[in-house]
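Chain V is already provided as a structure; the job is to place chains E and A on it using the hints.
Chains as they are written, first to last, in the working numbering: chain V, 1 to 264; chain E, 265 to 539; chain A, 540 to 832.
In case anyone wonders, no lab produced these hints; they're calculated from the structure. For every residue, glycine included, the Cβ atom is placed at its ideal position computed from N, Cα and C. Don't take each hint at face value.
Under 7 Å between C-beta atoms, here's a sample of chain V residues computed to sit facing chain E [to be verified]:
#1 Leu143
#2 Tyr182
#3 Ala228
For lysine to any residue, the following SDA-like pairs were computed, each having C-alpha atoms within a straight-line distance of at most 20 Å [stated by the list, open to error]:
#4 V:Lys146 - A:His689
#5 V:Lys146 - A:Gln638
#6 A:Lys631 - V:Gly198
#7 E:Lys513 - A:Gly569
#8 E:Lys513 - V:Leu181
#9 A:Lys609 - V:His189
#10 A:Lys631 - V:Gly201
#11 V:Lys146 - A:Gly693
#12 E:Lys513 - E:Leu393
#13 A:Lys563 - A:Lys631
#14 V:Lys146 - E:Ser323
#15 E:Lys513 - V:Asp185
#16 A:Lys628 - A:Glu710
#17 A:Lys631 - A:Glu666
#18 E:Lys513 - E:Arg397
#19 E:Lys513 - V:Gly178
#20 V:Lys146 - E:Arg397
#21 E:Lys513 - V:Val154
#22 V:Lys146 - A:Gly661
#23 A:Lys563 - A:Thr583
#24 E:Lys513 - A:Asp568
#25 A:Lys631 - A:Ser621
#26 V:Lys146 - A:Ser692
#27 V:Lys146 - A:Gly720
#28 A:Lys628 - V:Leu181
#29 A:Lys631 - A:His689
#30 V:Lys146 - A:Gly694
#31 A:Lys609 - V:Gly198
#32 A:Lys673 - V:Thr206
#33 V:Lys146 - A:Asn690
#34 A:Lys631 - A:Gly661
#35 E:Lys513 - V:Thr206
#36 E:Lys513 - V:Gly201
#37 A:Lys628 - V:Gly198
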Amino acid sequence: MDVTAVDRSAISGDTLLHHAAPASKLIAAGLLLGAVMTVNDPLVAAGVVLSLVGAGAAVRLPLGQMLPLALYPALFALVFAFAAAPGPVTGALIVLKAVTAALAVVTLMFSTPYPQVFAPIQRVTPQVVGDALLMTYRSLFILAEKFADLTRAVRLRAGLSARQPIRSAQATVRALGGLLLYSLDLSQHEYDILYLRGYEGGLRVTTQRSTDHAADLASLLYAALILAVVLVFRLVPALSGYSWLVTIAGAVDLLTGLLIGRRR
Amino acid sequence: MSHIHIPDGVLPWWLWLTGWLAAAALLGIAARRATRSGSRRAVPLIGVVSALVLVAMSSEIVPLAYHVNLTVVAGVLIGPWLGVISAFIVVLILALLGHGGVTVVGLNTLVIGAEIALGWALVRTGTRLFGIRRIRPIAAIATVVTLAATTTMVVGIVALAGAPAATRGTGALDAETLEFRNPFSEGVFSSGLVGGHEHGETDAHEDEHAHESEALAVSRFAAVVYTLGPIGWLLEALVTATILGYVGKVRPGLLFSGAGVQGRVAHVGDEHGGH
Amino acid sequence: MNMHTHDRGRLADAEEIIRISCVKHTYEDGTTVHLCGLDFLAHTGARVAVLGPNGSGKTTMLYHILGLMKPQEGSVTVFGVSPSEQWSKIRKRIGVVLQNVDEQLLAPTVIDDVMFSPRQYGLSETESRERAHKALALLGIEHLADRVPHNLSGGEKRKTALAGALVMDPELLVLDEPFEGLDPKSRSALLALLDRLAREQHMTIVMSTHDIDSVPEFADYAYVLAPGGRIALAGTPEELFSSADVLTEGNITPPILAELFARLRARDATAPAPALSVAEAVEALTAWKSCPP
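Next comes chain V alone, as it looks inside the complex (with noise of 0.2 Å):
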């Protein structure tokens, strides 16, 4: 889980998706996320992910870094399905579920700067929270590349090769020790320069504007899409039978969508 790979996604991108305005993507992935709630169907399911990958490789997000992290919370989910579920169908559900949710977040993340996430949060939460949220964002990025610096002269003292995973482990350990007492100091310097600054509550975010309105219009109309035939299949049982309807159009959204990404 490489939070950084993220976030230089999110802002060296240029597909359609990075021109739309951070709130229409927030909608949007709110909309997939009612979606996931009410689905009751796991072939519906099965066609909403088809789809959603299909639309992600049309566009040409990086899907070799999104896929992993959106199937990471299947494996979670398979082990809570095979202790709750009742039976195989209804664990598929559930697993399909946990990944449309996370393609959906994390769709909206590698397209989306966190702190452009993060602005719409901070004006419902206490100040102190939201100001923490976007401190935390800075300071992810000093210690991350301070920790593979530890992490790095720590295994070269130690001699260390990707062969002795006890010894790497404790090699781990021992930096994220100095990795500790760094951060603290460097919270120190932050309080320092906040006191300088002038600091007196309320850091803000520059809202982006879109740059493409057309890319806005797209991804709500896209999520709403998704959401109506969700609710559809949900509240007319009778068209349950039609479902792998769904299924197959996931899957020609999904080779549309990978068509389209190639020839781009």
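The following block gives chains E and A in isolation, referenced to the frame of chain V:
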């Protein structure tokens, strides 16, 4: 860490909404306390410790199977109230990375906040009783106890989800029976194409088994987490003991007081944040 | 030799901005810094350098000026008040760039970071933005406005931090090792900017550096700290370059040119006075060589 790895759309809406409301209330209290003791000090401390936890979590000590959490360490460094805020931030960022559901952020904040607070309380009590020189065994025991407690909290939450509820859950998972009301339970070809039968006709039959399947679901879940959990608890205890032992040896003043121990001026409104 | 005299002609009407009198500070590990020997003074429009080896107390001095440390003995006044007790009264008049600029950049983007102080001081969003763009333009980094700090080079981070320090048009600028990480071209540009700020806006600039050889380029006046914080020497660059022996006695490596001319003088009393730059040294030595003894 007892991060609930239950996905979105599984827990009933009233449960995760209650989690959000309770977390919001706790955050409100924590924020007021943090502001009173000086947000200039609290903000960087929370930010840095949250970042530390996130960096630690992405360092794979045992790839895929286990990742360091440092929640007890975080508690010892910043205390329970700042710890609650840090818990929210860590859980939120993890959820945004697909690591844990978004709807369960509230519940997760409560669980991780409890982990931080309990870890802090146990280590602090232990070091007061037995001295800071014994911090390693104290930290190890405190970590195991803390994680066992919060794992139990998670099992309790799942049990609550399985308890009879007035309304059906999200629509996908029936809160009463932990079953999914979907066409497949009556057979694909018996509904839709052949006209199907009303759901009501099968209700009586399902009710008989509802209680049994609910009990099975929770106990099976508990069996899984209590079997897999202790391995993680022991690894985390080892890591926590090592790190706190190291800090206790080189800079014991940092324990329970976070930053602000470098002979700096305590400015008006920024009282020393010791806890 | 009275090393405390300096040309006050230009600064005759200048206001005293900073005065440090025999300040003592003891760190937690027992290390003591005793900023004594001479009073540290900085007046309006002066460019003052604080020089010394590592561990001599340069940063301790700056931290006392900034109110981050309170003197255990002695006194510090900035704009007439004690900075550790009344920082809020004077902070808008002071811009700061500390040594580790990574830790100084707090906001998610460059523009947000430069707008930090104006926003905190209650300026409107429009005015904050205008000021920020003006500061970025001054440093030639307007194109970096939407960039994130962790993707910037060391030099870009330093310029961003400086823009943040200049955004409120301060009267006093405090810089800790400002040239670290800058390539020669950026260094020259920064020197030119600091010179312009001092001359045109009468900004007082106090900077700490270990680069004693470059003092003539960026300082009107310099204080040299010996290990332990003792202020061993104070004077104009000319006076500094004439005091190689005093510096050596205080365990401070003198400027190369100062040492060169001191040794020449020791061998031959007709050797010219110390030059402040290589070009001046070439001129002086060439003239000396062509003159009969």
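We went through each hint and held it up to the structure:
1. Leu143: holds, 5 Å
2. Tyr182: It is violated, given that the least Cβ distance between tyrosine 182 of chain V and chain E is near 9 Å, above 7 Å.
3. Ala228: violated, 15 Å
4. V:Lys146 - A:His689: holds, 12 Å
5. V:Lys146 - A:Gln638: holds, 17 Å
6. A:Lys631 - V:Gly198: holds, 8 Å
7. E:Lys513 - A:Gly569: holds, 18 Å
8. E:Lys513 - V:Leu181: Since the Cα atoms of lysine 513 of chain E and leucine 181 of chain V sit roughly 12 Å apart, the hinted pair holds (cutoff 20 Å).
9. A:Lys609 - V:His189: holds, 16 Å
10. A:Lys631 - V:Gly201: Holds, because 16 Å separates the two Cα atoms, which is no more than 20 Å.
11. V:Lys146 - A:Gly693: holds, 15 Å
12. E:Lys513 - E:Leu393: holds, 18 Å
13. A:Lys563 - A:Lys631: Outside the cut-off at roughly 27 Å; violated.
14. V:Lys146 - E:Ser323: Within the cut-off at roughly 13 Å; holds.
15. E:Lys513 - V:Asp185: holds, 17 Å
16. A:Lys628 - A:Glu710: With a Cα-Cα distance of about 13 Å, the restraint between lysine 628 of chain A and glutamate 710 of chain A holds, given a limit of 20 Å.
17. A:Lys631 - A:Glu666: holds, 15 Å
18. E:Lys513 - E:Arg397: Between lysine 513 of chain E and arginine 397 of chain E the Cα gap is close to 8 Å, so the pair holds against 20 Å.
19. E:Lys513 - V:Gly178: holds, 12 Å
20. V:Lys146 - E:Arg397: Given that 20 Å is the threshold and the Cα spacing comes to 29 Å, the pair is violated.
21. E:Lys513 - V:Val154: holds, 19 Å
22. V:Lys146 - A:Gly661: Measuring from Cα to Cα gives roughly 35 Å; hence the hint is violated.
23. A:Lys563 - A:Thr583: violated, 26 Å
24. E:Lys513 - A:Asp568: holds, 15 Å
25. A:Lys631 - A:Ser621: holds, 15 Å
26. V:Lys146 - A:Ser692: holds, 16 Å
27. V:Lys146 - A:Gly720: holds, 18 Å
28. A:Lys628 - V:Leu181: violated, 33 Å
29. A:Lys631 - A:His689: This hinted pair is violated, its Cα atoms lying about 27 Å apart.
30. V:Lys146 - A:Gly694: holds, 19 Å
31. A:Lys609 - V:Gly198: holds, 18 Å
32. A:Lys673 - V:Thr206: Measuring from Cα to Cα gives roughly 17 Å; hence the hint holds.
33. V:Lys146 - A:Asn690: With a Cα-Cα distance of about 15 Å, the restraint between lysine 146 of chain V and asparagine 690 of chain A holds, given a limit of 20 Å.
34. A:Lys631 - A:Gly661: Holds. Lysine 631 of chain A to glycine 661 of chain A sits at ~12 Å (cutoff 20 Å).
35. E:Lys513 - V:Thr206: Violated, because 44 Å separates the two Cα atoms, which is more than 20 Å.
36. E:Lys513 - V:Gly201: Roughly 35 Å separates the two Cα atoms, so the pair is violated.
37. A:Lys628 - V:Gly198: holds, 11 Å
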